[in-house]
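Line by line, the protein sequences give chains A and B.
If you're matching positions, the first sequence starts at 2 in the numbering used here and goes up one per residue.
If you're matching positions, the second sequence starts at 250 in the numbering used here and goes up one per residue.
None of these hints come from the bench; they were simulated from the model.
Bear in mind the structure is a predicted one, so any value in this text is a computation, not a measurement.
Even for Gly, the Cβ is constructed at its ideal location relative to N, Cα and C.
Careful, some of the hints might be misleading.
Under the rule of at most 20 Å between Cα atoms (straight-line distance), these lysine to any residue pairs were calculated in the SDA-like manner [to be verified]: (1) K526(B) with G159(A); (2) K156(A) with A293(B); (3) K526(B) with E66(A); (4) K526(B) with N29(A); (5) K492(B) with T58(A); (6) K77(A) with K156(A); (7) K156(A) with T429(B); (8) K526(B) with S56(A); (9) K156(A) with E254(B); (10) K538(B) with P560(B).
On the chain B side, residues computed to face chain A include the following (Cβ under 8 Å) [unchecked claim]: (11) A252; (12) I421; (13) L425.
Pair ranges (Cβ atoms, derived) [said to hold, decoys possible]: (14) G86(A) with M603(B): 28 to 34 Å; (15) E299(B) with K105(A): 36 to 42 Å; (16) Q489(B) with D126(A): 50 to 56 Å.
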Amino acid sequence: MLELRINGFGGQGSVTLAHLLAQAALENGEQGQALPFFGVERRGAPVRAAVRMSSTTIHAHSQCELPDYVVVMSEKLTEAALSEGINEIGTVIINAPHAVPVKKHPTWQVDADTIAREAGLFSADGPFINIPLFGAVCRVLNIPQNVMEQTILNKWPGNGERNLDAAGKAYNTVKQINI
Amino acid sequence: MKAAEVVMGTGARAAALAVKSARVDVVPGYPITPQTSIIEAVAAMVENGELHARFIPVEGEHSAMAAAVAASAAGARVFTATSANGLLYMHEVLHMASGGRLPVVMCNVNRGIFAPWTLWADHQDSMAQRDTGWIQYHCSSNQEVFNTILQAFRVAEQINIPVMVNFDGFAISHCLMPLTLPPQEDIDRFLPPHEPEWRLDPAHPSSFSNVTNAEEYAPFRQMLSDDIMAAIPLVKQAAQEYKDITGMWDGDTIDTYRLEDAEVVAFAVNSMAAELKLSIDILRQQGIKAGLLRPRLYLPFPAEDIINALPQNAQVMVLDRNYNFGHPGGILASELKSALFGRRNDITVKNRVMGIGGIDLPRRFMADEIRAMMDE
Numbered sequence: 002m003l004e005l006r007i008n009g010f011g012g013q014g015s016v017t018l019a020h021l022l023a024q025a026a027l028e029n030g031e032q033g034q035a036l037p038f039f040g041v042e043r044r045g046a047p048v049r050a051a052v053r054m055s056s057t058t059i060h061a062h063s064q065c066e067l068p069d070y071v072v073v074m075s076e077k078l079t080e081a082a083l084s085e086g087i088n089e090i091g092t093v094i095i096n097a098p099h100a101v102p103v104k105k106h107p108t109w110q111v112d113a114d115t116i117a118r119e120a121g122l123f124s125a126d127g128p129f130i131n132i133p134l135f136g137a138v139c140r141v142l143n144i145p146q147n148v149m150e151q152t153i154l155n156k157w158p159g160n161g162e163r164n165l166d167a168a169g170k171a172y173n174t175v176k177q178i179n180i
Numbered sequence: 250m251k252a253a254e255v256v257m258g259t260g261a262r263a264a265a266l267a268v269k270s271a272r273v274d275v276v277p278g279y280p281i282t283p284q285t286s287i288i289e290a291v292a293a294m295v296e297n298g299e300l301h302a303r304f305i306p307v308e309g310e311h312s313a314m315a316a317a318v319a320a321s322a323a324g325a326r327v328f329t330a331t332s333a334n335g336l337l338y339m340h341e342v343l344h345m346a347s348g349g350r351l352p353v354v355m356c357n358v359n360r361g362i363f364a365p366w367t368l369w370a371d372h373q374d375s376m377a378q379r380d381t382g383w384i385q386y387h388c389s390s391n392q393e394v395f396n397t398i399l400q401a402f403r404v405a406e407q408i409n410i411p412v413m414v415n416f417d418g419f420a421i422s423h424c425l426m427p428l429t430l431p432p433q434e435d436i437d438r439f440l441p442p443h444e445p446e447w448r449l450d451p452a453h454p455s456s457f458s459n460v461t462n463a464e465e466y467a468p469f470r471q472m473l474s475d476d477i478m479a480a481i482p483l484v485k486q487a488a489q490e491y492k493d494i495t496g497m498w499d500g501d502t503i504d505t506y507r508l509e510d511a512e513v514v515a516f517a518v519n520s521m522a523a524e525l526k527l528s529i530d531i532l533r534q535q536g537i538k539a540g541l542l543r544p545r546l547y548l549p550f551p552a553e554d555i556i557n558a559l560p561q562n563a564q565v566m567v568l569d570r571n572y573n574f575g576h577p578g579g580i581l582a583s584e585l586k587s588a589l590f591g592r593r594n595d596i597t598v599k600n601r602v603m604g605i606g607g608i609d610l611p612r613r614f615m616a617d618e619i620r621a622m623m624d625e
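Full structure from sequences and hints, please.
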């Protein structure tokens, strides 16, 4: 069973990202689970969500304590996210415009803010970074690009073009940081 | 023959889809977190014509259950849903549903009780309704929520007793997972239309729930007590026939995991019991012969099935997500001890309360707790 935790700020779309990842697992022929933690739902407050993927029935219903992957939606949260726990060989995926060094853990970086803005995915509140992050996480988890695209099309039938564009760009530009 | 469809859905969505599949006639509803997404989804289904039912928005849970009672007495198949203090507010009318022998089915999405306020799961709300004369299931997965609502309608309508289907707020209600939806024709075969023996009908006036003298009242109460116990074989039959038709099985009155040769048995309900399967695997890897016994049916308490299932000389670790105020520990431990007393003197029962107000219960934590309890 693969376990992943998303750490973000309220309003960044962590719940939708978790749902997309669980749906991608099903699309990929596996079982998927998205278990967001709903706290005091304030914009800007730290939020988290658990995602699990498995070839067999998922019985876990707790938040991910020691996940194999941690997705950090804002580089400001990196330290706080890691302090919540990660598998000792766990991987970190960070949304940042530049490489953020993380000790001891394989780390990937994607500039989700810029990708979302360039694809026209933003509102007055900011860019919709969950879409490019979905693409980036799929790439890191080795989920095929066509599965990633089909998941987006299932979620937004007939209205997925900018989402596909942003997710695809992130899928192909997320890069592993050399330690 | 049509194949089952697999969709992604939360536990709340699973409940709403089961209500639609059950072809419910009337749904009174009042929102309360974390149940609200069930009632919202059902209201939307009624609005867009997916479900041909009457949705009755009311001003509180006491009225929601009162409307459910009235609609059920008029012969409708009725569903409603609530949580925590909403359930407590219904308490008086819960007795009217059971005493009136009305087969209402209700989801209670478990949430800790005020005060102080909490939004997250524990089991004080449903277990505080123990003596209302309702049958109670406790479910540990999204799929089980869907399956159990259909089984609940069948049992309720066979024996004219209301049924509460409980599952954890957020951990199940807001957890997105794959959900298998059997073809509607299979569900229709399992759950035929509700045909009550009696109903309120203006064309044939009759009165319902008059004042009774003690000689009339006492037999009614005795009958309710007897019939609740008589629900056990019906619960088993419903689970078996549901399996025969859909291939899906969540257990009947109980669900077990690696129990046959277990020396240490975890005993718990709801989502923590699903997570406990992983704790059992951890303990087995550590060389401890651990197993799980989950009462899927909390009321009537499946004492005989538990007595028959527990291995010889087992230590039973009851993990309660509730308090039995006035006693040390929780309600499930008290129920279990009562069932075992004088019947299984070889069994040791130990108890801890945990997960109150939604405190997370990861597999490693519960495995550690069980190991620590072994040394007590």
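Now the hints, each set against the structure:
1. K526(B) with G159(A): This hinted pair is violated, its Cα atoms lying about 41 Å apart.
2. K156(A) with A293(B): With a Cα-Cα distance of about 19 Å, the restraint between K156(A) and A293(B) holds, given a limit of 20 Å.
3. K526(B) with E66(A): Satisfied, since the Cα-Cα distance of roughly 17 Å is no more than 20 Å.
4. K526(B) with N29(A): Violated - the C-alpha atoms of N29(A) and K526(B) are around 25 Å apart, more than 20 Å.
5. K492(B) with T58(A): holds (18 Å)
6. K77(A) with K156(A): Judged against 20 Å, a Cα distance of about 30 Å means the pair is violated.
7. K156(A) with T429(B): It holds: about 19 Å lies between the C-alpha atoms, which stays within 20 Å.
8. K526(B) with S56(A): holds (17 Å)
9. K156(A) with E254(B): Given that 20 Å is the threshold and the Cα spacing comes to 17 Å, the pair holds.
10. K538(B) with P560(B): holds (11 Å)
11. A252: violated (16 Å)
12. I421: Hint on I421(B): holds, closest Cβ of chain A at ~7 Å, below 8 Å.
13. L425: It holds, given that the least Cβ distance between L425(B) and chain A is near 4 Å, below 8 Å.
14. G86(A) with M603(B): 28 to 34 Å: violated (19 Å)
15. E299(B) with K105(A): 36 to 42 Å: Violated, since E299(B) and K105(A) (Cβ atoms, about 52 Å apart) do not stay within the stated range.
16. Q489(B) with D126(A): 50 to 56 Å: Cβ of Q489(B) to Cβ of D126(A): about 53 Å, so the range 50 to 56 Å holds.
The earlier numbered hints that this structure contradicts are 1, 4, 6, 11, 14, 15.
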